[in-house]
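Asker: Hints given; two lone chains; assemble the complex.
From first to last, the protein sequence lines stand for chains A and B.
Note that numbering that gives the first Met the number 0 has the first sequence beginning at 0, numbered continuously upward.
Note that numbering that gives the first Met the number 0 has the second sequence beginning at 0, numbered continuously upward.
Some hints here could point you the wrong way.
So the derived label-pair ranges between C-beta atoms look like this [unchecked claim]:
(1) B:A98 x A:A417: 25 to 33 Å
(2) B:S15 x A:A417: 26 to 34 Å
(3) A:P20 x B:R32: 30 to 38 Å
(4) A:D228 x B:A54: 22 to 30 Å
(5) A:D163 x B:Y152: 43 to 51 Å
(6) A:N420 x B:S109: 39 to 47 Å
(7) B:E47 x A:N272: 53 to 61 Å
(8) A:Y2 x B:S15: 28 to 36 Å
(9) A:D303 x B:D110: 27 to 35 Å
(10) A:N21 x B:S109: 42 to 50 Å
(11) B:A147 x A:K155: 48 to 56 Å
(12) B:A147 x A:S31: 34 to 42 Å
Because the hints were derived from the structure by calculation, they are not lab data.
Glycine residues also receive a C-beta, built at the ideal position from the N, C-alpha and C atoms.
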Amino acid sequence: MLYNEPSPLEVKVLTRRFGLPNSQSLDTYLASDGYKAFRKAVEMGPEKVLEELKVSNLRGRGGAGFPTGMKWGFVPRNSPKPKYVVVNADEGEPGTCKDRLLMENDPHQLLEGMLIAGFVVDAHVGYIYVRGEYRYVIEILDRAIAEAYERGYLGKNILGTGFDFDVYTHTGAGSYECGEESALLESLEGKRGVPRIRPPFPAVAGLYQCPTVLNNVESFSAVPAIIRDGGAAFAALGTPKNGGTRLFCISGHVNKPGVYELPMGFNLLRMINEVAGGVRGGKKLKAVIPGGSSCPVLKAEECDISMDFDSLAKAKSMLGSGGVIVMDEDTCMVKAALRIMRFYQHESCGWCIPCREGTLWLRKLLARVHEGGGTQSDVPLIGELAKNMLGRTFCPLGDAAAMPTIAFVEKFREEFEAHLNGAPCPFESKPVSA
Amino acid sequence: MLTPEEQREIEQEAASYPERRAASIDALRIVQRRRGWVSDEALADVAELLGMSPAELESVATFYNLIFRKPVGRHVILICDSVSCWIMGYTKVRDHLKARLGINFGETTSDGRFTLLPIVCLGACDRAPVMMVDEDTHLDLTPARIDAILERYE
Chain A
0 MLYNEPSPLE
10 VKVLTRRFGL
20 PNSQSLDTYL
30 ASDGYKAFRK
40 AVEMGPEKVL
50 EELKVSNLRG
60 RGGAGFPTGM
70 KWGFVPRNSP
80 KPKYVVVNAD
90 EGEPGTCKDR
100 LLMENDPHQL
110 LEGMLIAGFV
120 VDAHVGYIYV
130 RGEYRYVIEI
140 LDRAIAEAYE
150 RGYLGKNILG
160 TGFDFDVYTH
170 TGAGSYECGE
180 ESALLESLEG
190 KRGVPRIRPP
200 FPAVAGLYQC
210 PTVLNNVESF
220 SAVPAIIRDG
230 GAAFAALGTP
240 KNGGTRLFCI
250 SGHVNKPGVY
260 ELPMGFNLLR
270 MINEVAGGVR
280 GGKKLKAVIP
290 GGSSCPVLKA
300 EECDISMDFD
310 SLAKAKSMLG
320 SGGVIVMDED
330 TCMVKAALRI
340 MRFYQHESCG
350 WCIPCREGTL
360 WLRKLLARVH
370 EGGGTQSDVP
380 LIGELAKNML
390 GRTFCPLGDA
400 AAMPTIAFVE
410 KFREEFEAHL
420 NGAPCPFESK
430 PVSA
Chain B
0 MLTPEEQREI
10 EQEAASYPER
20 RAASIDALRI
30 VQRRRGWVSD
40 EALADVAELL
50 GMSPAELESV
60 ATFYNLIFRK
70 PVGRHVILIC
80 DSVSCWIMGY
90 TKVRDHLKAR
100 LGINFGETTS
110 DGRFTLLPIV
120 CLGACDRAPV
130 MMVDEDTHLD
140 LTPARIDAIL
150 ERYE
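Looking at chain B on its own, in the form it has when it is part of the complex (with noise of 0.2 Å):
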């Protein structure tokens, strides 16, 4: 079931448009930014909401990198890996957020504090590295600078 400010949300969003379904995105993040994740039982309350089937929300749910399908940490770090990240020591920073969370990619901290992903270009190139957390971005990223900006999500 979607919560009454879930769907108030939703509705709001679905009003911009001349067909619902366009707040589809909006709509599965709307969900995720309570949830963490959009499980299959959202999902499907979802599609009812907007008039879509499940599976024509879930072929959008699977087609983005930002929509989680699977349950995830309570923040999601996604450390961008493209071209000039990379040359400014994206393979160092990887390392060292691997080796501190002791996780891979796709993997969740024991605690259930922090979910490691890749993400492509994030489009702050001339400050990289840089990554997210959640739905900030951090910049400039060092060993130490990462040790720090982790403090701030509990």
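In isolation and in its complexed conformation, chain A is listed as follows (with noise of 0.2 Å):
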């Protein structure tokens, strides 16, 4: 898939040889620093790869954003049993279509970050679980994992160090459940894709029971830089405690939607008007969801705001995923919480009741109060319901989506209210803007 046009703002850590010619070979990484990372940290040893990663201020980019070092750390020195590294690559939360472009446009990054961890916690196998949809990025995959065999980045012995490591690639067939670590590895083993019950954590009881290092497509593929450059020079790009570059996928009413690399900290409104071309037609900005359909929206006045974990989680949202998605003034935030609803009530797994039965209940009453036919009891019910599942499922899919939906009620309560009674919805008699 076409990279689109970048921004000059970008900052290019890990999508830097994006748009080089055959990006995705090993003799166009190898021209640019490939695999230097690998031998470097060989020569460091485990401790010093793991204390360099601290030192980044790496955060998983998959949503959580748990320090990516010291999860690595979690995982058990002496363990009689193997070990295995295993990247999620089943990008599924609405508004993220980040890691498809780093798989597909630089491949060899990945494996060399796989290949990194796999030597810091002494794992010699790798799956990368990549979901259903995105079959071509297997075959690219595949294409990358084949010539770094046969020139000797995997194997056996890998550039005489006597470090082993294999990778295997590995195929989702649609489920987002499946982007939940302890699912993922449920599928990853060839069962329905439900969660686990968690402690025990993957790090020390993952996949077949054994000790496992899971990480974001985005993570894994930080860390050639940061072991390359050091710790150091990757935090100092983001702000204290979010360390380094995010790309940004912005979607939605901008001029110039597409997949940034930004440092962590940029201000939102600067992305949305210097980095994304501003709202389309001219249109007034009336809401951001900042990081994947799971993360509570913004108003457009509290949008002047630092991407960072810790500056979304005090604004009551999340940074989760990167997926910053644009809604523009003739937007209805009923029928896009209603949309978000859908979504999480398709793909919750159904294993625990407060998910699959308030998914359903609140996607019902949404879709009611969208139609017309709420009333005025409705509004509130909604807020409870959702409520009422946060931290009551178990796993994340269920605050997922509770908590956008509390936030839509919250923040847009007239816009609900404009919707009750049999008022047609505001916003469908209008031209809409799409």
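Answerer: This is the structure in structure tokens:
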């Protein structure tokens, strides 16, 4: 898939090879510092690599923002069991479209990140769990893997270091739930993709109950640059506690939607106006979902904010997976909430009742309100139902459905009320901008 | 009966894992790529090959959006109905597809050419609205583009 026109405001670390001729090939990768970080990691030894990762302030790019160095550090040193490296490439949070590009444009960067992870925790097998819809991405990865084997960057005694590592791709078949790490492991083992009780966490009991390093594509892809240039250099690109850059996926009502690599802490309004070319058609900005559809919506006046994990948490939203969804003044917030709920209801795995039933009833209620069949009591009921799900579901999918719903109702209450008692949707009578 | 090619491909996938059942999704997709969908008989054959009970494999097959347990047309259209695509004109695109094909979601055209299904976010939100036809992703959809795209699938 084509990579959008880059913005001059980008700081290209993970995407620096995007756009190079044959950016997928090993030769292109080697010509721009490829696999140097792995050699360096072997010289440094596992402890120093972990230390660099901690210094880098790299936080999990899948959405939760957990420090990657700390996560790797949880893997027990002297386990008699085999250990695994697993890449979460089940990108599925609506609004998120970055891992696809990272795998498609620079597969060796991901492979090198996996190699370093394997070396640090003493794992010798890695799996890349790729969502079922990205079939052609698997083909690109398989070609890169084959090339790495041929030239000694995978397999036995890699580059004469004595370290062995094998990598396999694994296909999903369409399930958002499998992006949750324990459900992903179930699916990778060939089972229905339902979540496991945690703890134990994958670092201790992951794939086949063995210690497992499990991270998002973007997290692994950041590792080679961190080891090559040093953790401090990566950390310095971002804000305190939020190291490095981030691939922000800007979609919705902007002039230049796309995936842009920007420093952590980049201002959201600048991102919309200066990077993505502003709101389409000179319309006014109404709301932004800052990090994928599970993140509570921000009203336009809340968008003067630093895009890092801590600032968004302070604003009672989340940085999530980096999916910035921009909505203009003609967008119906009830319909947006309904669209989002339909997604979570469909993708709820059904394993636990608060999520399975909660998402269904919320979808029905939101649809009723949008269609004009709602009454005054429905609006608070939506909020109450969603709050009842929070923290009471087996995995984070329930929270992911509840959190944006609560924010839509609380921040756009008057819009919900304008739909009640038989009123037609005030936005559907207008010419729709799209 | 699985064909020798299907068996060979499934065995190849199974060799990547400590347990054979880990290849269950791959195996279902290998069968589906050739036959369009996964019949009860094919399901039982795959289960046997992987050392699973049919019920275990059925629990996998019915969990995932992209495994079809009912016959489908020669080509399956999956149109994204998640939030970014909706913002960018999903409704228009959906209505155009339904009208052009003369079918609703879950239905197949009378000539057996297309089945139309909704799907969740396809991970190309910056190029919304988006749909897949078989394993190809199509971006920046408009009614005119859709007409041109459909021509390519006989």
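Asker: Does the hinted range 22 to 30 Å hold for D228 (chain A) and A54 (chain B) at CB?
Answerer: violated, 52 Å
Asker: Does the Cβ pair P20 (chain A), R32 (chain B) satisfy 30 to 38 Å?
Answerer: With Cβ atoms ~32 Å apart, the hint holds.
Asker: So the hint says 53 to 61 Å: do the beta-carbon atoms of E47 (chain B) and N272 (chain A) match that?
Answerer: holds, 60 Å
Asker: Quick check: does the Cβ-Cβ distance between D303 (chain A) and D110 (chain B) fall within 27 to 35 Å?
Answerer: violated, 55 Å
Asker: Range first: 28 to 36 Å. Now tell me if the beta carbons of Y2 (chain A) and S15 (chain B) are that far apart.
Answerer: With Cβ atoms ~30 Å apart, the hint holds.
Asker: Would you say the C-beta atoms of N21 (chain A) and S109 (chain B) sit inside 42 to 50 Å of each other?
Answerer: holds, 46 Å
Asker: Can the suggested window of 26 to 34 Å be confirmed for the beta-carbon pair S15 (chain B) and A417 (chain A)?
Answerer: Violated - the Cβ-Cβ distance for S15 (chain B) and A417 (chain A), about 55 Å, lies outside 26 to 34 Å.
Asker: Is 48 to 56 Å a correct range for the gap between the Cβ atoms of A147 (chain B) and K155 (chain A)?
Answerer: Holds, since A147 (chain B) and K155 (chain A) (Cβ atoms, about 50 Å apart) stay within the stated range.
Asker: Can you let me know if the beta-carbon spacing of A147 (chain B) and S31 (chain A) is within 34 to 42 Å?
Answerer: Once the Cβ atoms are compared, 38 Å apart, the range 34 to 42 Å for S31 (chain A) and A147 (chain B) holds.
Asker: Taking the beta carbons of A98 (chain B) and A417 (chain A), is their distance inside 25 to 33 Å?
Answerer: holds, 31 Å
Asker: With 43 to 51 Å as the target window, see if D163 (chain A) and Y152 (chain B) comply at their CB atoms.
Answerer: holds, 44 Å
Asker: Do the beta carbons of N420 (chain A) and S109 (chain B) sit within 39 to 47 Å of each other?
Answerer: Holds - the Cβ-Cβ distance for N420 (chain A) and S109 (chain B), about 43 Å, lies within 39 to 47 Å.
Comparing the model with each numbered hint stated earlier shows that hints 2, 4, 9 do not hold.
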